[in-house]
Each structure stands twice: as structure tokens, then as C-alpha cells.
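Residue strings, one per chain:
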Amino acid sequence: MKPFDYTRAASAAQAVREYAPGTMYLGGGTNLVDLMRLGVAEPDRLVDVSRLPLDTIESVRDRVRVGAAVRNTDLAVDPMIRARYPMLARAVLTGASGQVRNVATVAGNLLQRTRCAYFQDVTRPCNKRRPGSGCPAIAGDHTNLAIFGASEACVATHPSDMAVALAALEAEVHVTGPGGDRIIPMPGLHRLPGEEPERDTVLEPGDLITAVELPPPPTGATVYRKVRERASFAFALVSIAAVLDVGEDGVVAGCRIALGGVAHAPWRAERAEQALIGGPATGEAFLRAAEAELEQAGPLPRNAYKVPLTRNLIVSTLEGLAS
Amino acid sequence: MEITLQVNGRPRTVDVDPRMSLLDLLRERLGLIGAKKGCDHGQCGACTVLIDGRRALSCLALGVAVDGSEVTTVEGLADGDELHPLQAAFIEHDAFQCGYCTPGQLCSAAGMLGEPGPSAVTEDLLVDPGLTPEEIRERMSGNLCRCGAYVNIVTAISEVAR
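First to last, the sequence lines map onto chains A and B. Per UniProt numbering, the first sequence starts with residue 1, numbered consecutively. Per UniProt numbering, the second sequence starts with residue 1, numbered consecutively.
Please keep in mind that the hints were generated in silico from the structure rather than gathered at the bench. Careful: at least some of the hints might be erroneous.
[What the hints assert, rightly or not] Straight line, CA to CA, 25 Å or less: simulated SDA-like cross-link-like pairs of lysine to any residue:
(1) Lys2/A - Asp24/B
(2) Lys2/A - Glu92/B
(3) Lys37/B - Arg271/A
[Stated by the list, open to error] Computed far set for chain B versus chain A, every beta-carbon distance over 12 Å:
(4) Gln6
(5) Cys39
(6) Val64
(7) Ser158
Just so you know, even glycine gets a beta-carbon here, dropped at the ideal spot from N, CA and C.
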């Protein structure tokens with residue numbers, strides 16, 4: 001691991017003042033420390049923000065504000081989150097292991113990097129790690145990588161479960177930084193790779209996430225489901241956070257679908273949502289909506305299985321919510 | 001950098017490079033070799049210890065970042081010659097073969113027994129479930145055992161959870 005300086009910030013404002021090029025903020029470290037050991041991340045300096053007083057979950061009028069340093073476990077077991085945002089609790093509980101969730105923070109969960117094997121292997125080219133070096137995943141092993149919104153430069157996926165639920169809940173990410181404070185609505189934090197796969201998010205250098213704010217829960221039934229290669233402690237092949245509101249007349253009044261494991265960012269299936277709203281809540285309609293979404297999929301040879309997997313997951317999830 | 005930890009009830013002050021993990025600090029500086037280096041990437045659980053009472057992976061914790069914390073390793077579970085109930089149950093139920101993952105399994109189980117709330121397999125998120133074998137398997141999924149002693153590990157933990 002490359003040598004670095006370590007300092008602990010006493011406030012968010014101080015952390016931002018401490019920022020300089022080469023500095024990284026340290027949360028729980030469950031991803032960053034590993035990336036440093038792999039040589040993928042090589043900060044000159046760590047500013048530890050894991051003990052900032054941003055570790056509370058508060059009800060603010062009809063919204064809930066979750067501090068950036070809240071640990072994943074504490075978010076998932078919070079009585080208010082379990083009661084009002086069960087989809088979020090469920091998504092967090094399906095991520096990582098008990099030991100990791102005890103330490104990993106909310107902001108760190110959002111800012112974790114892709115688990116693409118080429119990104120994590122410094123002996124291989126990777127446009128995300130070393131811009132311009134190429135993407136061996138496209139001709140190589142892309143079994144678990146993106147089917148939506150990828151580019152010729154990068155087919156990585158974002159690994160977070162929590163971010164997928166936050167995209168469906170339309171949470172707000174509160175940020176402070178050298179340029180001042182701002183609010184980024186989910187799913188707008190993460191970006192598609194385009195020509196700049198080295199940028200996972202829209203954050204600017206020195207930006208620090210301070211909180212995630214949850215709007216009132218959406219009307220309708222909600223669920224988070226995750227398909228993976230083993231029953232626990234594995235990243236999603238495909239996951240879904242879905243909201244379905246069906247009126248007494250059997251017509252879909254509201255629908256939100258966010259997909260994980262399929263893109264560089266949590267993927268809102270807007271075509272499917274639009275296809276469903278105002279129509280019948282039937283299996284046939286769910287299938288047509290899923291197929292409308294998947295028309296824009298661009299699978300590669302080894303991840304083409306994700307197309308029927310995503311279609312079937314959307315249909316069975318919506319059928320479950322409708323019944 | 002000089003840091004002070006409370007390790008198994010004793011204050012320990014060490015001068016560490018910021019790169020040193022808590023795992024390396026425990027093993028190489030304090031001679032506590034119970035916590036094992038399995039993968040060193042947070043994927044196997046062999047290095048699990050309790051940090052301020054919560055189970056955590058010592059390979060992914062920088063020593064400097066846990067300055068001031070209380071750390072309990074497998075060496076600190078027993079009360080003198082009196083084994084921790086989990087240790088006794090692991091022996092009683094033959095919950096290991098080679099034993100390499102066992103310190104991590106024990107610390108993880110000790111932490112897990114104190115963790116309230118639902119897990120990914122809990123049906124009703126609003127009701128704290130009992131520790132059924134299914135719940136134990138899910139909650140212990142961060143600890144791998146390459147000998148495959150899982151069946152007896154779950155039995156041993158079940159006995160203590162009762």
C-alpha cells in the first residue's frame with residue numbers, strides 16, 4: 001500500500017477545508033481500504049469522516065433525514081425505517097455481511113466502486129482506473145456486467161443495493177463541498193460511463209455527502225428483491241426496487257421500478273413505468289412493460305442471460321405486488 | 001502515529017504506520033494471533049473481532065482509524081479458564097475441522113447474538129425474529145468455513161442462542 005497521511009476531521013466543514021488534490025475521505029473503509037491494498041486507490045492523504053456527528057436518523061416533518069455516517073446496520077434496524085421504508089431496510093440487509101454492515105456508512109455505500117474484476121486488478125487495463133487504457137471486459141469476462149447504458153469505454157455496474165432502493169424512493173443526497181452546499185435527487189447521483197468512466201458520480205472534487213433525506217413513502221405496495229449466485233453475502237446479478245399502486249378499479253395509479261446490477265448507476269425503468277401507469281395491473285401488461293424497457297438493453301455475449309432474468313424479475317415482482 | 005486501544009480489557013499504546021490494519025497490529029505488534037488472515041479483503045470473516053462491542057473485520061480497519069476503541073479478540077472471550085459458552089458449544093458439537101476460521105466464527109457469533117432486528121431472511125421486518133437455524137445461517141454468512149463445518153457451527157450457536 002502506498003504511504004499516506006491520516007487525519008481525523010472534527011466537522012464536515014473542517015473536512016472540506018482539509019481537502020486538496022490527492023485527498024480522499026475515509027468512512028467505514030470497507031471498500032476504500034481494500035482498494036488501497038489492491039493498489040487501485042492511492043490517496044496521499046485520508047481525512048477520516050467516519051466519526052463526524054452525522055450519525056443520526058431524524059424525522060423532520062414528513063421526511064426522514066439519515067446522516068451520512070450512519071452505519072448500514074443501524075439504518076436497516078431503525079424502527080422508523082423498518083416501518084415506513086421497508087424496501088430500504090430490506091435492500092440494506094441483503095447487502096454484504098453483518099460485519100461489513102456494522103462498519104460501512106450510508107455515504108460510503110453510495111460511493112463504493114464497481115466490483116468489475118478488471119477494475120480491481122492493477123495488472124490489467126481499465127478505463128475507469130486508468131483512463132484511456134482500454135476495457136478488457138468487453139471482449140473478456142463481462143458475465144456480471146451492464147446491459148443498460150454502457151459505453152464502448154466501460155460496461156461496469158454499480159454494486160450498491162441501498163442505492164437502488166433510494167432511486168425508487170426518490171431520496172435526496174445532501175452534499176457540502178468547496179463549491180458550497182447542494183442537493184442531488186436520486187437516481188441522479190450516479191452517472192452512466194460515457195467517455196468518462198473514471199467518474200462514478202456527479203460529485204466534484206472535495207464534495208462530501210452529509211445526509212440522505214427520504215421523502216414521504218410512496219403510495220402503494222413496495223418490495224426489494226435481489227437475484228444472486230449464492231443465497232447470502234453476494235452482489236446482485238439483478239435486483240429490483242418496485243412500487244406499485246393499483247386503484248380499486250384495477251388500474252395502475254403509480255409505479256416505480258429501479259433496477260440494480262444492470263448498469264453503471266441504479267437504473268430507473270421509466271419506459272416500463274410509463275407503459276403501466278393508467279393501464280391494467282395484469283401479468284400481460286407487466287410483461288409488455290418489461291419488454292418495452294428491455295428493448296433498449298445492449299447485452300454482450302456472456303451477460304445476455306440478464307435480459308430474460310430482468311424481464312422475469314420485473315414481471316414476477318409486479319405480480320407479487322398486485323396480488 | 002501513536003494510538004491507544006483497550007484490547008481484551010487492557011490499555012495498549014502502539015506507534016503505528018497509518019497503513020497498518022488492525023489485524024496486523026493485533027497479530028504482529030501485540031502478539032494476539034487468534035484473529036486470522038484469511039483473504040485480507042473482507043470476504044472470508046477469519047479476522048472478525050469485536051470493535052466497541054460490534055463484530056467487524058480487522059483486515060479492513062486501519063489501526064489509526066480505530067484509535068480509542070475497545071477491541072475484543074478471541075483471546076478475550078473466555079473468562080480466565082472458564083470458556084465462553086460459544087467456545088464450549090463449538091467443542092461440544094465438533095463445530096470445526098482445521099480450526100482456521102474458528103476464532104472469526106466465535107467472535108462473529110458473539111457479536112451476532114447481541115444484534116437485534118431483522119435479517120434478510122426475516123419475513124416480517126417489524127418483528128424481531130428468534131434465532132432459528134435459517135436466521136443463524138443468514139447472519140453468519142460473512143464467515144466462510146472451507147472445511148464445511150457449517151452444520152455443526154449452526155448447531156453450536158443454536159444451543160447458546162436458546
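Evaluation of the provided hints:
1. Lys2/A - Asp24/B: holds, 16 Å
2. Lys2/A - Glu92/B: Answer violated: lysine 2/A to glutamate 92/B is near 46 Å, above 25 Å.
3. Lys37/B - Arg271/A: This hinted pair is violated, its Cα atoms lying about 48 Å apart.
4. Gln6: About 17 Å separates glutamine 6/B from the closest Cβ of chain A, which puts it past 12 Å; holds.
5. Cys39: violated, 10 Å
6. Val64: It is violated; valine 64/B is separated from chain A by about 5 Å at its closest Cβ, not greater than 12 Å.
7. Ser158: With a cut-off of 12 Å, serine 158/B remains clear of chain A, as the shortest Cβ separation is near 17 Å.
Going through the hint list in order, the structure does not satisfy hints 2, 3, 5, 6.
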